[in-house]
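Participant: Spelled out, the chains give:
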Amino acid sequence: ETGVTQSPTHLIKTRGQQVTLRCSSQSGHNTVSWYQQALGQGPQFIFQYYREEENGRGNFPPRFSGLQFPNYSSELNVNALELDDSALYLCASSQGVLNTEAFFGQGTRLTVV
Amino acid sequence: AQRVTQPEKLLSVFKGAPVELKCNYSYSGSPELFWYVQYSRQRLQLLLRHISRESIKGFTADLNKGETSFHLKKPFAQEEDSAMYYCALSPSGGYNKLIFGAGTRLAVHP
Numbered sequence: 476e477t478g479v480t481q482s483p484t485h486l487i488k489t490r491g492q493q494v495t496l497r498c499s500s501q502s503g504h505n506t507v508s509w510y511q512q513a514l515g516q517g518p519q520f521i522f523q524y525y526r527e528e529e530n531g532r533g534n535f536p537p538r539f540s541g542l543q544f545p546n547y548s549s550e551l552n553v554n555a556l557e558l559d560d561s562a563l564y565l566c567a568s569s570q571g572v573l574n575t576e577a578f579f580g581q582g583t584r585l586t587v588v
Numbered sequence: 002a003q004r005v006t007q008p009e010k011l012l013s014v015f016k017g018a019p020v021e022l023k024c025n026y027s028y029s030g031s032p033e034l035f036w037y038v039q040y041s042r043q044r045l046q047l048l049l050r051h052i053s054r055e056s057i058k059g060f061t062a063d064l065n066k067g068e069t070s071f072h073l074k075k076p077f078a079q080e081e082d083s084a085m086y087y088c089a090l091s092p093s094g095g096y097n098k099l100i101f102g103a104g105t106r107l108a109v110h111p
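For the record, the sequence lines run as chains A and B.
If you want the working numbering, it's the position in the first sequence, counting the first as 1, plus 475.
If you want the working numbering, it's the position in the second sequence, counting the first as 1, plus 1.
Source of the hints: derived by calculation from the structure; they are not laboratory data.
Watch out, some of these pointers could steer you wrong.
Cβ-to-Cβ under 8 angstroms is the rule here; a few derived chain B residues that face chain A [to be verified]: (1) Leu12; (2) Phe15; (3) Ala18; (4) Gly94.
Chain B regions said to be covered by chain A (calculated; three or more residues, Cβ under 8 angstroms) [stated by the list, open to error]: (5) 60-74; (6) 98-110.
Glycine included, every Cβ here is placed at the ideal spot set by N, Cα and C.
Excised from the complex, chain B in its bound form (with noise of 0.2 angstroms):
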């Protein structure tokens, strides 16, 4: 079955830490991926996309396919980036028929 794990709710972070937000997937073929973030009272928009291998606002993540894992991780947290995050594959290929995780919190403390 496809799948996306995140199995943390809620991440705390204090300002300046590393943050590392988990995402494992369950798929049989060469998936796709993505990170979705969605701040405060604003829409959902994507973060990153794995095969174009950017750092997006200081954030990247790397595809382990031996790990079927795609965790997004950034040096140092800022409170700015306290929103909510959403790991996504996508099984048909590009931004379509996504399958989301149920999404982490990211709180960064002052």
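This is chain A alone, in the form it adopts within the complex (with noise of 0.2 angstroms):
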């Protein structure tokens, strides 16, 4: 059973730029939640899809989106980004959206400059 990873563990875009993060749920898993998190804080939830539709999101302005595909893994895209974009992007997995635990991915860390 694989777990959950994530590309590219870092990068580098200039404010304004657009930026692609990839996600590979655990096998078996149909739900997928991304999180942002800066500096000293911890993770702030962005937005969730199971079974390929938005299942809720959280305070993040329209150019954060996101898709999921049929074999479940997400991507998390970022428009006209800012200097404050910069952060661990997390995305984490699960089988359903209710009482099954959530695993982690280990991050993508993104540096706006």
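Now that you have both chains on their own, put them together as the hints suggest.
Facilitator: Rendered as structure tokens:
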């Protein structure tokens, strides 16, 4: 059974650019949640995808968007990058949206310059 | 507003000393609360969930609705307990859409 994997592990982008981050969910998991973790802070919920549909969103602007594919892997897209978007982006996968544990990936470190 | 507060950024203790990591929450309903841990160079992982009422690695946490607290305790700290600890609240039930605190770094010295 494979765990949650994220790619790339780190990247640097310029303000105003667009970025796509990827998450492969753990085998058998159909739900992916994305979090943003700024330096010195706890993770903050961005949105969740369940069976390819968005299933809840945190307090993030529309330039943060996502997708979930038929194999349940997921992408996080951020347009018009701002310096404050610099953070560790975490995804977590689970089987279902309620009472099954969500397992976290190792994260993607995004730096916006 | 839903919020989780961990008042200490760093807690430093000696091996064998008791540990209490504080967590307070603000939530209007019946919360589900969790403790997550991140060891050095490892990913974030679940430590315990309040409704399971388990003791994991010697840690326990009791939900106190009157004080809106969910403090994490261990009677005798071990060096391998050194890690970053996050308290989290689920407003929607289960393990999803979690609201995390800012975290407390626990350093256990020999």
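Participant: Run every hint past the structure and note whether it holds.
Facilitator: So, going through the hints one by one against the coordinates:
{"no.": "1", "hint": "Leu12", "verdict": "16 angstroms, violated"}
{"no.": "2", "hint": "Phe15", "verdict": "25 angstroms, violated"}
{"no.": "3", "hint": "Ala18", "verdict": "25 angstroms, violated"}
{"no.": "4", "hint": "Gly94", "verdict": "6 angstroms, holds"}
{"no.": "5", "hint": "60-74", "verdict": "violated (count 0)"}
{"no.": "6", "hint": "98-110", "verdict": "holds (count 7)"}
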